[in-house]
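Under the UniProt record's numbering, the sequence shown has 11 at position 11, and the numbering climbs by one with no breaks.
Hint data in this document are derived by calculation from the structure and do not stem from the laboratory. A few of these clues could be false.
As the list claims (entries may be wrong) - Per label pair, the in silico range of CB-to-CB distance: (1) GLN51 to GLN95: 43 to 53 angstroms; (2) GLU56 to GLY27: 52 to 62 angstroms; (3) TYR61 to ALA9: 54 to 64 angstroms; (4) ARG70 to MET40: 22 to 32 angstroms; (5) GLN29 to ALA77: 28 to 38 angstroms; (6) ILE90 to ALA47: 41 to 51 angstroms; (7) PRO68 to MET31: 39 to 49 angstroms; (8) LEU54 to GLN29: 33 to 43 angstroms.
Virtual Cβ for every residue (Gly too), placed ideally from N, Cα, C.
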Amino acid sequence: MADKGNDPAVIWQTMMGEMEKGFNSFGNQLMASPEFSKLMNQAGGAAAGAQRQLGELMEKYLLAMNLPSRAQLVGMAERLQSMENQLNEIKTLLQQVHHNSLAPGDGFGATPRPPRTKRPPSEGEPK
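All chains, please: the whole structure from these sequences, using the hints.
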């Protein structure tokens, strides 16, 4: 077995561990300062403002191109979903009505039919 003091993997692991500790302490000191907090708040606000402006610009562009905006597409999708739900309810009701209208045994309507008493004329009889 090689000596642990001369093992390159152990030396590398120790060196990386010390570097990690140094970066962590530097990051903790940096994040504790009020200047860092203020800077991050400003950066977040700037990003939110840029995103809002881009959204407004895209809406104007889509309007100029006579295309629907995201909000309009979402609205149409919600209305379509509502219509599909209503159609499914109507379909279910129609299936129930159809099922209830069938007679249980013979497959004809539930209303009884009158008996057939007339017979077709024979070949020699007048119509």
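Checked hints:
Checked against the hint of 43 to 53 angstroms, the pair GLN51 and GLN95 passes, with Cβ atoms roughly 48 angstroms apart. In this structure the hint that GLU56 and GLY27 lie 52 to 62 angstroms apart at CB is violated, the actual value being about 36 angstroms. Hint check: TYR61 to ALA9, Cβ distance near 57 angstroms, so the stated range 54 to 64 angstroms holds. For ARG70 and MET40, the hinted distance range of 22 to 32 angstroms is satisfied, since their beta carbons lie about 29 angstroms from each other.
Checked against the given bound of 28 to 38 angstroms, the beta carbons of GLN29 and ALA77, roughly 50 angstroms apart, lie outside it. Range check, ILE90 to ALA47: about 48 angstroms between beta-carbon atoms, so the 41 to 51 angstroms window is met. Distance hint check: the CB atoms of PRO68 and MET31 are about 44 angstroms apart, consistent with the given range 39 to 49 angstroms. Here the CB-CB span from LEU54 to GLN29 is close to 35 angstroms, well matched to the stated 33 to 43 angstroms.
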